[in-house]
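**Q** Chains as they are written, first to last, in the working numbering: chain Y, 1 to 234; chain R, 235 to 1190.
Just to be clear, a hint being listed does not mean it is correct.
Some chain R residues flagged as far from chain Y (calculated, every beta-carbon gap over 12 Å) [to be verified]: (1) 401; (2) 762; (3) 872.
Partial list, computed: chain Y residues near chain R (C-beta under 10 Å) [to be verified]: (4) 12; (5) 13; (6) 17; (7) 23; (8) 24; (9) 27; (10) 28; (11) 120; (12) 122; (13) 130; (14) 134; (15) 158; (16) 162; (17) 172; (18) 186; (19) 195.
For the record, the hints were derived by calculation from the structure and aren't laboratory data.
Where is the CB? At the ideal position from N, CA and C, for every residue including glycine.
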Amino acid sequence: MVSVAARDQPLPILLICKYLLSLVLGLGLLLTLVQSEFELQACLRALRIYSLAVVGVQVALQRVVPEASALHQGGGSGEGYGSAGFGKGKARNKAGKLVDFFLVVILSIFSVCLTHIVTVLYGAYLIENIEETFTFSILVASLAFVRPLVTLGPGALGVIIERASFEEEPELQCLSALVGAWFGALPIPLDWDTPWQVWPLTCCIGAVIGEVGASAYLLSKLYKVVDLKKNKST
Amino acid sequence: MKLSGLSHLLVEQIAVVTAILAYLSGIITVRPQPSPVEDGMTADEYRIGLQNDSHLTIDKTVLIVIDALRADHVSATNQPLMPFLHGLIAKGEAYSYVLRTATPTVTLPRIKSLVAGTIPGFMDVIDNFGAVELTDDNLIQRWVDKGRRVHFFGDSLWTKLFPTQFSKQEEVTSFFVTDFTEVDRNVTRNVRAALTSSDWDVLVLHYLGLDHIGHVEGPMSAHIGPKLQEMDKVVKEIHTALEEKGDRYLITICGDHGMSDAGGHGGSSHSEVTTSAVLLSNTFGKFSPGKTREVKQVDLVPTLALLTGVSIPDGNIGRPLTEVLSHMGLERRMLLHHRAAKQLLAIARGSGLFSANDNAELIFEEATRLHKQVLQSDNLEAERVCRFYQECQEMVSDALSSKLQSYDLMAIFASNVAVILTFTVCLWRLLTYPPDVREVGWANVCWCAGGTFLAWLLCCATIPGSCVCHLLQPTAWLLGLTFVYVLVMAGQVFLAGSSKRKQRVSAIKPLHQFLLVGTGFHTLSLLGTSLVEEEHQTVYFLLSSLHVGFIISLVIQIKRKVLMRTHSGSGWHGSDSFDAGRHKMDDDDVDEDVTELPTRIAGRGSEGSTWMQTLRRTPVKLLLLSVVSLSLSRLMRSWNSTGDKWKHLEDLGDGIRAAGGYVLLAVVLAGLVVAIFMFSQNCLPLVLVACACIFGRHFPLSSSGGVLEAQFTHFVIIILFVYGLLKAKLIDFKTPNSKTKSNLDVFEPEEEKMTVLLRYSVTALSLLCLLLQRADNIGLLALVMLQNYIMSSVLCKLTGTGLISSGAAALAVNWLAFAHFFYQGNSNSLATIDISAGFVGVTSYRPFVHGALIATQTFGGTFLTYLSYLMHIISRDAQKERWQYPLFVWWTVRLATVSLYLVNVTFQRHHLFILSVFTPKLLYEGAHLLVLCVLTLFMWSVEKICTVLEVSYRFE
């Protein structure tokens, strides 16, 4: 994102707002969880609202500043990723955009299902606790998969693999949320019997902490860039 | 003396095992000798307490031990499982207690606690099979000394502990766990005979049926209720017969240990360590029923001794139950409490627990003084005297039962150091693999032995009194062996230091990193008690993550290839035949599929790809196999829930067992069919026969209940193995005819021999494991074998393409082996060892055979995983360094865990959970270590035999 920020002048302010927003959202969610004393139903509701909010923010930003994503999308479809074959060419027509939109929606739903399946393969119950598991999948998918899809378009996977750097915003957020959720599973077998050790709270909290960490890191990086620019201009 | 490859590893393993033995010999169970306490009471004063007690002496004592009696079996109030007993307790005619036993909750140490009042150390578990005569002072011996005639009917353990004491006995063996009724009927038959005659004073009964039901069907079995009612009826029968006779009697009903919620015992969960005791006598009179108290199991011994009028066994550390003595006169009560307190103080002194002017002794002296005063003048303060005595008893008893073990610190620390040093040597060797073969001169060894001897002299001069310093005890020799080895190896390292090996530093890949960090994390997690109990969760989690890691990296690779193809044609070979850099030879024989790949893609063109072709490409195939393996893992982990916290949850195995009938039949059949398909290339007729027999074992056609079938399966498996030897041309009946042989040799290259031999070994061992499993586990074991196969090939291919190094693959196999250990329902508690596996097809009591079979059942899955991976490597490439490398890796990981664990146990030896969590885990770690040793020994002998034969062929 830094490279983008360097090229587009008005973006840093928007980006700062966005990162600040996700930071505040994440911290707010954690605070809500603590305040509800980890009562399961309330927590699940809060987590679902949070996931929707995160996706909503991303989509809204995408509509406000479509240029931010144009760069990525150009790269994405240019690679010839199979399903992103539509809309190839310099002038993207409306139909192509519509198809892309539907593809993103379908892929998002698919990513939620995939997360659910992987969670079950990791040992979550198949039938019992299905609501909890599904909430967890929605959270992780919206943090880790839906946002890159929205930013980069349907060819997100190809773009990410081709770039193979974890300094860019979508990859960093995706990775940190996944790693956070992964580490969140570690305290489950401990015999402390605390209310937050209940499935899926540890993993959800881990994912949110990962997200907050990523936002903080991106903010600090952005701050440095802005600082540098100021120094240059003076 | 030349040490190379596996022989080196074997020597090292022997050194480590001896060090661990030395460590175990450093943990000593306290067996204090009592040192007499002077109380200044005269014989006259003793007599006062015992006069006019003719209405209190017990004529007939009956001790009924019901194996694995849970506390809630007796105490269930709203729907009593034992109505007669419950009625007596509610009416106030019997005292009921909840007994808290010590760990391990295994029958032999618990019987010792019941008769001797001692708490045997943890290492007595090992003796559970080979019981020898009990030499400690005990109740039975005391009764016999008093001239009581003791009759015994029940578990054969008792007759081994007391070979000469019983004047009449009939034993039943506890080893046919599927027999629920006959064991108990044999006991009850004798009881009826004994009740009609009067040639006994003490009757000891040990009922096994309940324990058997627990082992086979669990505490929720439908058989439990009728069994408890049967026990209740026996008690009622004895009670009525004795009432009719008019003798003064004492009936004690107690369990030796409880039953865990899964049905086994041996661990330390609440339901295992609590059991019930009910005391019932017509001398007690009527009393108001009180609350059921929780007391120690050893408290029963002094109570029984005092009630039956014999002196308390010397080693006893329990204190008498006060309620039971309350019907007696005050003088007598004072005297009995005095005796108990005196005995406890004596044993406390003997154990060096108290200095002369300690609190308990002061209380005792004071109480004795008061006691004498009371005897001379008035009876007013008698209650207070009793209370003083009780207080003294309580202090001593609690202090003694918490101090069970002492530690010979020098032996323990020395063996710790030895193991850690060996680990260092091992790690160094792994980092410079393949190691130089270097001559170890005998002179060198002698020097090192001399050095060890000098060090030993120095140590013993500074810290005398350790068992290390006694040359007649094995500890010194065991440790000496290890240290000589370590010194020799250290010398080697020092010498090799000059010829610096140039280590190629390769970029460590994320997967490799993950495997290394994960193994480290797994090892470190064993320091926490709950993570030890739930170790399977850690392993499952790591394994799933590894699978997901494989899948992600394969997806990335496939995608990247697609991208590269569009950009610049084939960039595949350059990126993928790159190797981890450890083996130069990897470059020469990269997987053929992979080398073929770029041409295939290039020739195919971009449009003409059908999905079948896509599937056939190696990375896609590997991807699919990984997904299948991940799904298999998920299926298997829900088969047997194990551990501690979630063990009670219903799992797939429970479901299959509960459904029974056709479902069970289908699962067994499916498992066997999978096994047949997997081993179809190794002498199919024999495999078919073996599988049919395994099926017959669970669904017997003959009247023998499956024993005959099981025996026949053993026989077939042996035949199969011998056939394998023949196939590999290790045994050759033909006359040496060099012409034909050389002809054959052309067709069969020399590596083939090892592959064939290993393949047949794997088949034979798999069939043996299938035979020993419970019926519902057969399907699981078949899946385990399937996963072994899939993962071995996936890992080999991945190593071939250079995605992971061969060391990382070995680490992955190590996780897989652990997962397979836990999938079978094993855990880090002794309670999950399936004893019934030891008696499959064995009709008589042979401790060694039983032990071997139980070990095979418990560790067979692990062993198979290691072995099938090795087989897979060897079948692809029989280069020595290549297939020996995983063995070295596994050994290093195991050694790291063991050395960490030894240090952990040493420093946490006063931890609350040392006996319930850490020591069993240490035993399991030792067992895993032995599994690796056996594996190494097996591979070593296979290699040696094959090379020897090779040489002899060449000479011909």
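**Q** Flag every earlier hint the structure violates by its number, smallest first.
**A** Those not satisfied are hints 2, 3, 4, 5, 6, 7, 8, 9, 10, 13, 14, 17 and 19.
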